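Top to bottom, those sequences are chains W and S. Take 1 as the starting number for the first sequence in full-length UniProt numbering and just add one per residue. Take 1 as the starting number for the second sequence in full-length UniProt numbering and just add one per residue.
Hints are computed from structural coordinates only; laboratory data are not their basis. Just to be clear, a hint being listed does not mean it is correct.
In silico DMTMM-like links for lysine to aspartate or glutamate, alpha-carbon gap of 20 Å or less [unchecked claim]:
(1) Lys259(S) - Glu96(W)
(2) Lys450(W) - Glu375(W)
(3) Lys75(S) - Glu96(W)
Every beta carbon over 10 Å from chain W, so not counted as near; a handful from chain S, in silico [to be verified]:
(4) Glu39
(5) Asn74
(6) Asn167
(7) Ala248
Which chain S residues stay away from chain W? Per the calculated CB distances, all over 10 Å, these [claimed, not checked]:
(8) Ser126
(9) Thr207
(10) Asp234
(11) Asn280
Just so you know, these numbers come straight off a predicted model, no measurement behind them. Idealized CB from N, CA, C, for every residue including glycine.
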Amino acid sequence: MQNITNFLSHFFVTGDPMIYGADASIALASIGIVVVLTYFKKWKWLWDEWLTSVDHKRIGIMYIIAALLMLFRGGVDALMMRTQLALPNMHFLNAEHYNQVFTTHGTIMIIFVAMPFIFGLMNIAVPLQIGARDVAFPFLNALSFWLFFFGAMLFNLSFVIGGSPDAGWSSYAPFAGAELNPGVGQNYYLIGVQISGIGSLATGINFLVTILKMRAPGMTLFKMPMFTWSILITSVIVIFAFPAFTVALALMTIDRLFGAHFFTIAAGGSPMLWANLFWFWGHPEVYIVLLPVFGIFSEVIATFAHKTLFGYVVMVWSMIAISFLSFITWLHHFFTMGNTAPVNAFFSISTMLIAIPTGVKIFNWLFTLNRGRIEFTTPMLWALAFIPNFTIGGVTGVMLAMAPADYQYHNSYFLVAHFHSTLIAGTVFGIFCGLHYWWPKMFGYLLNEKLGKWSFWVFMISFNICFMPMYFLGLMGMTRRMYTYPAGLGWGPINFIITIGAFGMGLGFIIMALNIVWSAIHGKKDTTGDPWDGRTLEWSTASPAPEYNFAHIPTVSTRDAFEAMKEEKREGRTKPQLPFKPIHMPNNSGIPFIMGGFMFVAGFGFVFEWFWMGIPGLLGVVACMIARSFVYNDHHHIPADEIERIERAAGRLS
Amino acid sequence: MMKTFKMKGLAALVPLLVLLTGCSDKIAVLNPQGPVAREQYHLIVWSLIMMSLVLAIVLIIFIYVLVRFGRKNNKGYDPNNTGNRKLEIIWLIVPVVICILLAVPTVRTLYALNDPPKATAKAPASLHSNAMTIDVTSVDWKWLFRYPGQNIETVNYVVIPAGIPVNFRLHAYDAMNAFWVPELGGQQYTMTDMSMHLWLQADKPGTYAGRSSNYSGQGFADMTFNVLAKSASDFDSWVSDVKKNQPALTMNKYMQLLKPDNVKPMTFSSYPKELEKNLNKAQMEGKQTGKSTDNSMPGMNMSGNNGKGGYNP
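With the rest of the complex left out, here is chain S (with noise of 0.2 Å):
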């Protein structure tokens, strides 16, 4: 029996020494693409080593006094040993000190998500500045892209450029979902009650797989998107073949797109003005019943903390 106990032990251990060693491909998170994956991917592996180190304590203690006071008639036996005010002391600061380790830089790198990452790339003519907005809106289940520098829309996947910082404003039409892209960073919920902000940036040109990562229904398991990241010249081609070859976003296939399902990737070459306003489910069913539009209370905000801080700026 103790040498089960020891094996087990060490089992415990293998996963965590190939969780170090073997970061391969396959396992997105260790595999960071861009900057803010590997903010966050640094900061799982010192949580790692860490961890690793309590568990170790823990278990050659437990194996220690298993093997050594579970043998029959063993000469150790004191019914008094009930406290030691040194050692509780010392597994009362060792906890604390480990906390602090890793405290530190879980804020340290809360307050760096708060900033665009630093661009590694020159910016595409089209872009016109140095970092890209798109806006991000789930719809059961489906995720629509809107580039409002561009004026073009993509369903179900989206282009960015490589190198350069991208700003996705995530906003909901119904369900709750989350915008999950691990190879490039952590995610956000999108919900109608309040738009968010997440900072996300590609190193080099690839393809990188994202999907709605809180569960909204039926279609849920399928809901996925591609981020396509171009180098500079490529998104500038990128754009304009869009611009000349793809057909415009109509207000009546944008109403088709609102119904629950999951649809194929799609391209549009512009998107009707009205988009812009991000009307979700009620406000949308307002509008074309005529009813009010008006879903704040009054004195409050309820469009969320626009430019306050926050995880994203």
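One chain only, chain W, in its complex shape (with noise of 0.2 Å):
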């Protein structure tokens, strides 16, 4: 009995009241969901409809709510970190809890938050943009989605089972190893990230076939759109930054796990080693989030100022050049690790060298607008206030990567002010902006304008109280990480002034929550299927887009296709209406599903090192694999008359 007691005080995390809340409403929306799916008897719609489904559109759908939940996570963890730091000598949270908290924050906003939301949008948008009725591998996307899904929920199952990492979200060793870190919380982060990291991986080879083989007859690759264009890029990034940090994640675990040494101090273990992997593919990841927020907001100013990209191929050649200058930068991230002079001296430069591309970027959106005829949308409002913002972050980026003044910022608040500007006026800037601008692609209606003008103006302006304070209180020597600080140091009236940022950025983001609640119950239908007046082929087919996504798949002649098309519909060139074909489709599957929860059981065991549990889990995915190769039935097709019965439903047919 005693055994039971002991082992089950330290299997959940017992000790303090925030956490048994968390209990508590972790036990009860469970059951609500539950309650409500019986109620309605929604379980079979649920499953039919969504886990087994391998439509782009619905895995993007999915990815979207799954990250905005995790947004909230994140979000809530930054404001746990700002109350506890809001005046000097808190006691809101101790070391340990503030610990896990920053490692919690960063490693859900950047892995379960940032490239989530990113891979949602593409999923929507890209096939859509290239004229394709799906991706070119529908199963291995619903496989990529559910290991990504089941990577987060093992991961956030620390918070209340075993307890979570603390060893920050780039887990430098010697501390992430099991000498200076016992316990199982870093377990989860290694097991967590690696699990939804295959799937990524998969997204990337999936996404870079689909732009290079599905493209619409006559959209060559420099037709493409550019935010299709972004993500071929990104695809590529992902293909070689991601096997990196794989690698990395499985010798740290082979360190915890099984006593290997290729991380400790002990038996010529190298430290250092895994700083130079996890930021080889760490700096990457920076580009894997930010060059698709590029293409979104390239669509947007396009769309909103009516107006062709100014300086496309340029623009392309610019993330092309970020691609590969991404690749040769990852010592930035520790020029203070006693390198020599030669080789810090290399890495400034090289980093210096990006903002060459992304200054090149900037002025031709600045362009792009420039004798345009601007319209202020919500989605727009993203995309200006991108513009400045952002180059706030990038310019301080260079100061960072001049290494002597690096020694001077590195750790520092200055740091995170500069890191924070470029993530949130980048890439959350970008996924809101995407969000709101590919919604009524998405739902068929439109969010609410005055609401999004709203949430916009009130996070935007509370980024900006939160974040700009903090390049003072990095120079003011407070650095990164520290759960809290004396008086008397001047960081007491700063600290809380970006704490009240922090909560406005807070309130933006329940006013945009409240948004969609409010939109999907009196939000304007889009009827036409084309609600901004866009360029690009996503705009040409109906609201939401049907399963086919296009009846007729389109013929591309030049670059801003579907501006093109309503062009010739005014001068009057419409070509005749062709018969309908039966098209090809894929079949719904339950094995991705089935598969992460084998790997979500797997990585739950190797998480408490009960290989009793892990092995099985393990031999659960590779019968999921097997089951799904004697499929032989996987796909098929939709009856032109069907075809022609939702065409005209959706309003198509004249």
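Dock chain one against chain two, each of which comes alone in its own frame, and use the hints as you go.
And the structure:
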């Protein structure tokens, strides 16, 4: 009996009222979901329409729902940190909790918010933009999602079972090793992130092939929409960068679980090697979450300036240059690790070089606006705010690139301010921009503009209140990851202002959530499929797009293909309506979900080093693969008369 | 709405102006108290000027296009304005020039920081030379300072002569930390698998706050120390005072210090010779249990880049 209570008190995280609160809310939410689904008899609907779906649009929506939930959790983490730091010597969180909270905040925001949100948007938009019926590997696409989902669930479970990781999202060795960091927390990080990372790698391959092989006839590479270009380049970065991370995570897992010495202090292990492997992935990762939003901003700015993008070819080559440079700058994350002057000089200059293509892009966006007819919609506001705010992040990035100056900025709040300036003004503004922009395409109605603008202004202004003062705080000597600070250093008032800004951002997010709820009930229907006077093919089909996307695959002859089609229509040159033909579509499959579930079980087992659970979990994964390889009937045809019926219902037949 | 955008632009410039003009003594990095920090400060100010220029250009164009083309029925709408070779070449060349203007001083400073700063005061008699060497070891969560020339050990504070270059040799016993005294100069990591060096020098006597800037666990936030710079005569009398009045550091006491904990500043008049091996946690534990203390792999020099240039010689 004593043993059992002892085990349980270590298994479940105990002793903190906030954790019990979280336990209770998780339990209540789970019960609530089960009750609602059962009461409305929605289990079958959930399984048939969503959990087994291989439709890129549904997978995209599921990615975005999951990412929004994770954004909520990561945001609560941030507010907890800011509450703790609001005043000197606060006792809201102790060091142990604070360390866990900043670790989960960083990991969740990058891996379980930024990436899946972008994957969600690209799932929705890319096949539609290139005139395809789905991605190249729809089954793999579903598997990617479920691996991400179960990886994220496993990571989040650490909060209530076993204890959260506390080595920082960068998990530097030797601190993250078993010797200095015993317990299961770090295992959750390693295995949860690993599982979702496999999904990310598969997504990279999937979209590379999709974009290269499935474009509509006539759409050459240099006629693709800019967002599709950004995803093509991002996919290449994913494919080259993620294996380094997969290997690093695996090596540290082996260190921790089986006592190897890759990154340990003892037996010739090299903690520095972890830093290199981590950032060899970590720096390209920054561009994995930035290039796609560059694509989104390009689409949105062109649409609402009512102009073709300025300097299209240069924009593409800038992104290619950035993707190349992103692989030769990783060392700037540790200029202070005793590198020789020539090494630091090389990485200083390679990092500065990134400013050149990025600067070129900024000017091209500005000149797209120039001589435009600018329309200030909510997505456009996010895109416009990106330009000055991201530029501040960019120029401070150049300052950090100068190694001798970095010796003074490194690991300080100056750095914290810089990367939030780029990741929020870039990635977060970008995903909010894309969310508002493509929302009608996803759901068939628009988000409310008034609430949208309110959430924008509140969030954007608060963002500046939150992060501008941090630059000063860094120069005053406050370092990141401090759970508290003494009075008398002059840090107090600045920290208090920062905390106000952080809660303001929370308010902005709540207004956005309200907007989603309000618009779901009262939102303006999008009957045309083209609510923004769009320029690219996704706006040429109905909103929401039918399962098969396009009744007829469009033929492309120029950039901004849909704008050209509308032009032709205005000039009265319409093509005769072709008869519908049956459309070949992939079948739904429950295997990705089940396989993700087995991965979760295996991961949970390995986290606790329960091999009796981990190994059968992995065998389950293999069994799923075998089962899949015996599925011969993996596609179906939508008959022509059903297509006609769907098109007629959407009002697309005259 | 236009107005708000304009206001935002102006608001963004204010902090930069404050930074350039109002260097209060609370902003440690902008208040350099030694040649190393000053060198870095000059680079920071130079980059701030260049970057403010870039930001100003972007903001001016941004506000111009929004005001001019954000109006309803503006006259200048031209959907065929989709490229301009000349302009594009200009905004390719301008960033290249800016990068060069920043890269040249960056590289120059990198190499300059290799060498010890010039001494600006007469060395104390107890130093026996014109430069001082101090071994720094980070241990969870405290700083140990060993003065090989004086055979003294201090914990969580360090005493240096003002105006004399000090070569801090950096080691870690367990987790990775970073040694940072913002008023005297930029930081450097302390690591178990490579020892490194950092030249610092204080212009005048005074107390300069230092802390670990790389997260290392529970006691990290309190991992602070003071650097006390003293005049030559004060330094000499401090050394002789320590020699006379402070206890010796025994191996037993040292083993206690190695336990993860935050401790108060301490002073010892001597230390065991053993400490000069700079053993890390694995080596120390191997020694305790009688196992091999060899931490290196055959054929590899795991002890760092001693003497081979780098940020520090």
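Going through the hints against the structure:
1. Lys259(S) - Glu96(W): Between lysine 259(S) and glutamate 96(W) the Cα gap is close to 18 Å, so the pair holds against 20 Å.
2. Lys450(W) - Glu375(W): 14 Å, holds
3. Lys75(S) - Glu96(W): 61 Å, violated
4. Glu39: Violated, since 7 Å does not exceed 10 Å.
5. Asn74: Violated, since 7 Å does not exceed 10 Å.
6. Asn167: 14 Å, holds
7. Ala248: Its Cβ never comes within 10 Å of chain W, the nearest being 28 Å, so this holds.
8. Ser126: Its Cβ never comes within 10 Å of chain W, the nearest being 30 Å, so this holds.
9. Thr207: Nearest chain W Cβ is 13 Å from threonine 207(S), so the label holds.
10. Asp234: About 25 Å separates aspartate 234(S) from the closest Cβ of chain W, which puts it past 10 Å; holds.
11. Asn280: 5 Å, violated
Hint violations for this structure: numbers 3, 4, 5, 11, all remaining hints satisfied.
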